[in-house]
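Participant: Spelled out from the first residue to the last, the chains are:
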Amino acid sequence: MGQYLLSVVQPDGEPPAPEVLGPIMQRVEALDQELRDEGVWVFTARLHLASSATVVRIQDGEVLTTDGPYAEGKEHIGGFTVIEVPDLDAALQCAHRMAGATTLPIEVRPVR
Amino acid sequence: MIERFYAEEYGRAVSVLVGVFGDIDLAEEAVQDAFAEAVQRWPVAGTPPSPVGWIITTARNRAIDRLRREASREDRYAQAALVHARDEPVPEGPVRDDRLRLIFTCCHPSLGTGAQVALTLRLLGGLRTAEIARAFLVPEPTMAQRLVRAKAKIRDARIPYRIPAEAELPARLRAVLAVLYLIFNEGYRASVGERLVRADLSAEAIRLGRLLAALMPDEPEVRGLLALMLLIESRRDTRTTAAGELVLLADQDRERWDRALIAEGQELVRECLRRDQPGPYQIQAAINAVHSDGAGTDWCQVLKLYDQLFVLVPTPIVALNRAVALAEVDGPGIALSAVEELELAGQHLFHAIRADLLRRLGRNEEAAQAYDAALALAENEAERVFLQHRRDGLCLRPPHPG
Chain A
1 MGQYLLSVVQ PDGEPPAPEV LGPIMQRVEA LDQELRDEGV WVFTARLHLA
51 SSATVVRIQD GEVLTTDGPY AEGKEHIGGF TVIEVPDLDA ALQCAHRMAG
101 ATTLPIEVRP VR
Chain B
113 MIERFYAEEY GRAVSVLVGV FGDIDLAEEA VQDAFAEAVQ RWPVAGTPPS
163 PVGWIITTAR NRAIDRLRRE ASREDRYAQA ALVHARDEPV PEGPVRDDRL
213 RLIFTCCHPS LGTGAQVALT LRLLGGLRTA EIARAFLVPE PTMAQRLVRA
263 KAKIRDARIP YRIPAEAELP ARLRAVLAVL YLIFNEGYRA SVGERLVRAD
313 LSAEAIRLGR LLAALMPDEP EVRGLLALML LIESRRDTRT TAAGELVLLA
363 DQDRERWDRA LIAEGQELVR ECLRRDQPGP YQIQAAINAV HSDGAGTDWC
413 QVLKLYDQLF VLVPTPIVAL NRAVALAEVD GPGIALSAVE ELELAGQHLF
463 HAIRADLLRR LGRNEEAAQA YDAALALAEN EAERVFLQHR RDGLCLRPPH
513 PG
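In order, the protein sequence lines correspond to chains A and B.
According to our numbering, the stretch in the first sequence is residues 1 to 112, in order.
According to our numbering, the stretch in the second sequence is residues 113 to 514, in order.
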């Protein structure tokens, strides 16, 4: 068994209109429950927009704080789920279902 | 003798060891150790009754030695692998062929095509990293790095070592067949200068195709791919001139085609037809079987097969190839209208076929432009020489004076 981080790759900018987002969120909630029932769910977090992020780093011994996400780009991680499954094929199956529910690409990374 | 035995049995030994220890690097090192020992021992003590069994048993012992050494350094992975190894009996002989599992691991869709190809040649073909690097015209450290990364991903992402479940099998098998066909084509399309180091790729792809056909006898597409490769390979010696220029099928010396390969390929095609579960590779094999039949190609038959292929694979590339057959059956004018509809301006083959049709229609100025477009995109040397030759042969009106 191993854990995998399934990240939702979300385009920046305004979220879709409520009539679009509503059914998506319903499917996401339902999938969340399915994963719990199947015993593979470990943790889920849904994130605020990337523009709400702050980066903290140490430069020349001083704390430097900057506004916005670390990586430039048009998409950022919108949320993630950690699952525990036997192998990559099982993780990819979950990612397939998650991509269907969110309508967004899912990045799968093994946890050390 | 051991060299040849190495090429043929390396993959089998590695696949068994991966099955036992669950670690590709360990399996490879142990199998190499065992072969090194065989080189020392067999010439003196004689070849053992079951050479493969000897290699596998010796490799397993070497692997356990290595793990013990590492386990004493409290490496928890090594300890885990050792526990795993003790649980499993070592299978010898062809009772359970682990190579099939290894093929699916090497061609897992989470690996890039370059990694799939390199792993398949390395682990199943037993090619050395330097050989694969030469065959793919990249520096050896680049290829070594590619293999290290791919093996690390298999380990870290826990890519499973098993034959996919029924539901996934068709898609996963397609990936395996695509890798074998890519390896074949890399070797087949090699230019004269490259041929010495690259032609082996075609032979290797055919060898792996035969292996896969033996391991999956009930998959018609596996047979279809094998037949396709054999039939194309049968024409290898006639597809270019001594100077390295491409020779079109119709102009090839049929007497010099390899009769044995054609017979084997055609028999496989007949077998596929009897089974009647057509797929893209089987249909392409059937097209090539028609080309190989009798004194000349029955283009009506070829066109029918392309129609069938287009139903299964409705891509512009298939439509383009169909147009070549269409030109033979209904004339270049009708074929040209079919070609003009296709959005393939980035493909040299599109321009090359268009150029040929325009040339046959006597529209030489347009043909010249199309040849130029094809030449700007073509990378293969034999094709470039051919296209240039054809372009030079066009009778162009001299430019208007003043």
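Honestly, I wouldn't trust all of these hints.
As the list claims (entries may be wrong) - Straight-line distance between alpha carbons at most 20 Å, and here's what the computed EDC-like set of lysine to aspartate or glutamate pairs gives:
(1) A:74 / A:34
(2) B:416 / B:370
(3) A:74 / A:107
(4) B:416 / B:440
(5) B:265 / A:107
(6) B:416 / B:376
(7) B:265 / A:12
(8) A:74 / A:12
(9) B:265 / A:84
(10) B:263 / A:12
(11) B:263 / A:62
(12) B:263 / B:388
(13) B:265 / B:367
(14) B:265 / A:14
(15) B:416 / B:405
(16) B:263 / B:312
(17) B:265 / B:388
(18) B:263 / B:141
Derived by calculation from the structure, the hints in this document are not laboratory data.
Since the model is a prediction, treat every value here as computed from it, not as a measurement.
Participant: Decide if the proposed pair is consistent with the structure: residue 263 (chain B) and residue 312 (chain B), CA atoms, cutoff 20 Å inclusive.
Facilitator: 24 Å, violated
Participant: Does residue 265 (chain B) pair with residue 367 (chain B) here, judged by a C-alpha cut-off of 20 Å?
Facilitator: 49 Å, violated
Participant: Starting from residue 265 (chain B), check that the Cα of residue 14 (chain A) is at most 20 Å away, please.
Facilitator: Judged against 20 Å, a Cα distance of about 36 Å means the pair is violated.
Participant: Is the straight-line distance between the alpha-carbon of residue 416 (chain B) and that of residue 405 (chain B) 20 Å or less?
Facilitator: 16 Å, holds
Participant: Given the hinted pair residue 416 (chain B) and residue 370 (chain B), is their alpha-carbon gap at most 20 Å?
Facilitator: 26 Å, violated
Participant: Hey, residue 416 (chain B) versus residue 376 (chain B), does the alpha-carbon distance stay inside 20 Å?
Facilitator: 23 Å, violated
Participant: Does the structure keep residue 263 (chain B) and residue 388 (chain B) at a Cα separation of 20 Å or less?
Facilitator: 39 Å, violated
Participant: When you check the alpha-carbon spacing of residue 263 (chain B) and residue 141 (chain B), does it fall within 20 Å?
Facilitator: 13 Å, holds
Participant: Below or equal to 20 Å on CA atoms is what counts here, so check residue 265 (chain B) against residue 12 (chain A).
Facilitator: Outside the cut-off at roughly 30 Å; violated.
Participant: What's the verdict on residue 74 (chain A) and residue 107 (chain A), does the C-alpha distance respect the 20 Å limit or exceed it?
Facilitator: Satisfied, since the Cα-Cα distance of roughly 16 Å is no more than 20 Å.
Participant: Checking one constraint from the list: CA of residue 265 (chain B) to CA of residue 388 (chain B), max 20 Å. Satisfied?
Facilitator: 39 Å, violated
Participant: Given the hinted pair residue 74 (chain A) and residue 34 (chain A), is their Cα-Cα distance within 20 Å?
Facilitator: Given that 20 Å is the threshold and the Cα spacing comes to 31 Å, the pair is violated.
Of the hints listed earlier, those the structure fails to meet are numbers 1, 2, 6, 7, 10, 11, 12, 13, 14, 16, 17, in rising order.
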